[in-house]
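Asks: Sequence:
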Amino acid sequence: MMSASKWFAGAAILAACAVTSPARADDSGSDSRKEDDAFLLLRDAVRQDDAAKAEFYAARLANYSIPSYVDYYRLKSHFRSASSEEIRDYLRRYEGSAIADRLRNDWLLELGRKRDWANFDEQLPLYVINDDTQVKCYALQSRALKGQRVAGEARALLVAPNVYGEACGGLIATLFQGGQFDRNDVLAQLRLAGEFNATGQGRRAAVLLDGSDKKIAQAIDLPAIALAKGPGAGHLEHEIYLVAVGRMARTSVKLAVLALNKAAPHLTAQEQAVGWGNIALWSSYTLAAETGEYWRRANGAPLSQDAQQWKTRIALRDGDWKLVKSCIQAMPAGLRAEPAWVYWMGRALMAEAGSTAPTAEAAQLFRGIAEQSNFYGQLAAEELGRLSTIPLPGAPIGPAEIAPIAADPGFQRALKFFAMRLRFEGTREWNWALRKLNEREHLAAAEFARQHNILDRMVNTSERTRIQVDYSQRFPSPHLDIMHPTTQTLGLDKAWVYGLIRQESRFIMDAQSSVGASGLMQVMPSTGRWVAKKIGLTDFVQEMLSDARTNILLGANYMNMVLGNMDGSQTLATAAYNAGPGRLRSWRATLTKPMEGAVFVEAIPYLETRTYVKNVMSNATYYAALFEGRPQSLKARLGTVAPKGYSEQEQQESSFGTR
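Once you know that position 50 of the sequence shown is 49 in numbering that gives the first Met the number 0, the rest is easy, because the numbers rise by one and skip nothing.
Bear in mind the hints are in silico, worked out from the structure with no lab data behind them.
Heads up, some of the hints might be wrong.
[What the hints assert, rightly or not] Okay, the calculated beta carbon distance ranges per label pair:
id : residue 1 : residue 2 : range
1  : Leu479    : Gln147    : 35 to 43 Å
2  : Ser31     : Ser632    : 50 to 58 Å
3  : Ser545    : Thr285    : 32 to 40 Å
4  : Arg87     : Gly233    : 48 to 56 Å
5  : Ser83     : Lys145    : 20 to 28 Å
6  : Asn183    : Pro403    : 54 to 62 Å
Glycine included, C-beta positions come from ideal geometry on N, C-alpha and C.
Let's have the full structure, built from the sequences with the hints guiding it.
Replies: Spelled out as structure tokens, the structure:
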């Protein structure tokens, strides 16, 4: 058995060999590197819940340049047994720092778990970021226990059971037992548990309703067995059966339809509508031709926010603008106010009036989002007759404006973390330091990020300004010496390639995805090998994907190949680059006639791909405006998406007389 001292020494050597990074912000030699490596091992020990190792490494960091993080990890290593005074002492010493706010987040969760509402209520107003769903659930529970009415806020918050944890489950129980939630509220949570595959939350909801937690677990996890047993007796048994119908539809809509039809004589009309809604949601993800009919059969059923949006998207694909309008009107106010649904409501009003120009009501909606520099803001501006342009920048940022940013301890900590490839910690420190800055100072911070080649922070920081803007920061074009000849040789739209890189990696050269994609253009190793073989790059090895020249060469060639396979449609090719050509071919095969590009994008089944395509196409439009020095049309770039084999003439004839 290896002794503890030998194990620690061996671990330190292995970590030192494994950690490679660019020059560090405060690197003064081997001692600094050893401390950084010990810090990384401290961090890992806490994540592995190994208090002994954590204390070993923390003891070697008594003079580390970022003591607040050393003390944070030392405290986290025994957090549940730490005294309130120990935690308060840390908060007093580092009050006002990003990591202290992180610790307060941790403590609030622990206080909520212990139902220590006195200390929870004391600490909650001091929690600055306040972005933790479970903390929000505990906060509402604390208020409800004091007799405050919080049901409305709770309904707006409780929409995604996969992030509930114990806190939100406890909130639901508290509200139900206190009379603020009724059975319909808990039934809505039961249905959501089915949609989100959240078995634990489904069990809790069933128990609150005096039902069987085993039956709901079976309905979610083993729907075929649950359906074989039939709908049972009583409304709750029927609801559990309908959850199983929805879960079955996830893998086979056909079998789910058979099960619902078989059970129909035992179900009320309302229960049948709920079942059709469950089927329609999963059918929506396949874009099947029957989906619109399933949604019609679900008329009157209570729908989750996801279901409401998909009912609207299918209506968009079907060109049923009357239904689009009624679906959006039925959404909760917060959802209805999102730019996507503001834009499509405006379009529905135009269609209702039979007008290609905005009606007064539609124009008012478009004006409400047209100043936003995002996908829907650009589309809304075009409806008002304004193409995408590049605003003139203000006075250049000078050294005197950057100096205070460079001297700020928060930005200094961020630089150190970025140099250590601790991007999460670096981003947290950077964003925390931005909180106290005005718009001009944001531009200075963005310029500071540019100087240190942290282009993702430059873009993100610059995007926060509204009055003073600098689009050269928001839409940088690094590696132009490589990009220009590559795209020119291929005849590829340079603006489109940069638009994709901005979305893929935010110009982080060593970016690595969870599935292994690498570099600026997030090229998968298998794709890299395939493209390299196609273009005759005989000496390719996987490590070359971290080289900017090779990454751009392979990524751009792959984009060009995908574009050719998608008949020159950037919209389709962008989706294929993200989701894979196979999935894109299956989505395209659902088309029966040409469709407006924006409608096709809105109904892409994968949230990640849907968001990705919107951002890439929006980015590309701005890049084109920068490169060409003239206004650009996002709608023209999105174009019309047609079934495979449609000729250009057929597309024009199909779209004749339409928008």
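Asks: Do the Cβ positions of Ser83 and Lys145 conform to the proposed distance bound of 20 to 28 Å?
Replies: The hinted range 20 to 28 Å holds for Ser83 and Lys145, with Cβ atoms some 21 Å apart.
Asks: Does the beta carbon distance between Asn183 and Pro403 stay inside 54 to 62 Å, or does it fall outside?
Replies: Check passed, 55 Å falls within 54 to 62 Å.
Asks: Using the Cβ atoms, figure out if Arg87 sits within 48 to 56 Å of Gly233.
Replies: 52 Å, holds
Asks: Can you let me know if the beta-carbon spacing of Ser545 and Thr285 is within 32 to 40 Å?
Replies: 38 Å, holds
Asks: Given the hint of 50 to 58 Å, is the C-beta distance from Ser31 to Ser632 inside that range or not?
Replies: With a Cβ separation near 52 Å, Ser31 and Ser632 satisfy 50 to 58 Å, so the hint holds.
Asks: If you check the beta carbons of Leu479 and Gln147, does the distance land in 35 to 43 Å?
Replies: 58 Å, violated
When the structure is compared with the earlier hints, a violation turns up for hint 1 alone.
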